[in-house]
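Quick note, the sequence shown lines up with residues 0 to 106 if you use numbering that gives the first Met the number 0.
Because the hints were derived from the structure by calculation, they are not lab data.
Glycine included, C-beta positions come from ideal geometry on N, C-alpha and C.
Hints may be right or wrong, so weigh each one.
[Said to hold, decoys possible] Distance ranges between label pairs, derived from CB positions:
#1 D4 to P46: 26 to 32 Å
#2 P35 to G72: 27 to 33 Å
#3 S60 to R97: 30 to 36 Å
#4 R96 to G72: 29 to 35 Å
#5 D95 to R57: 22 to 28 Å
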Amino acid sequence: MTMLDTPTAGGLTRADLAADTAEPDDNLLRDTINEPRVREILDELDPDERDVALAYARNPSIRSWTEAARSTGANDAERFGERVRRRLKRLGDRHDRRCHVGGVLIG
0 MTMLDTPTAG GLTRADLAAD TAEPDDNLLR DTINEPRVRE ILDELDPDER DVALAYARNP
60 SIRSWTEAAR STGANDAERF GERVRRRLKR LGDRHDRRCH VGGVLIG
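Produce the entire structure from the sequences given, and follow the hints as far as they go.
Structural data, given as structure tokens:
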């Protein structure tokens, strides 16, 4: 029996590989990274958070927010990657609320 914190190739653990942390909108960031609305949201991130978001968006071999955070050298990559994911979701939701008035998209 192997423990979940056992390292594997690429610096991941078995837990990283076993957990499917994919979100339905994960590919959205990759597909829309150059859109002005996405750029506005990225501009609201701290530089370290932006680095993680861009690593996730630009590198198709990165399959989780933890991997993206780890690739930027973040301390506690699991926590920081999740923080960036949640912050991007909040900022995106806020942006959507500002752009929609009475069910009509503005801008």
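Taking the hints in turn, this is what the structure says about them:
The supplied range of 26 to 32 Å is met by D4 and P46, whose beta-carbon atoms lie about 30 Å from each other. Look at P35 against G72: about 29 Å separates their beta carbons, and that is inside 27 to 33 Å. About 34 Å separates the C-beta atoms of S60 and R97, a value consistent with the hinted range of 30 to 36 Å. Taking the beta carbon of each, R96 and G72 are about 34 Å apart, inside 29 to 35 Å as hinted.
Evaluation of the 22 to 28 Å hint for D95 and R57 yields a pass: the beta carbon distance comes to about 23 Å.
The structure meets every hint from the earlier list without exception.
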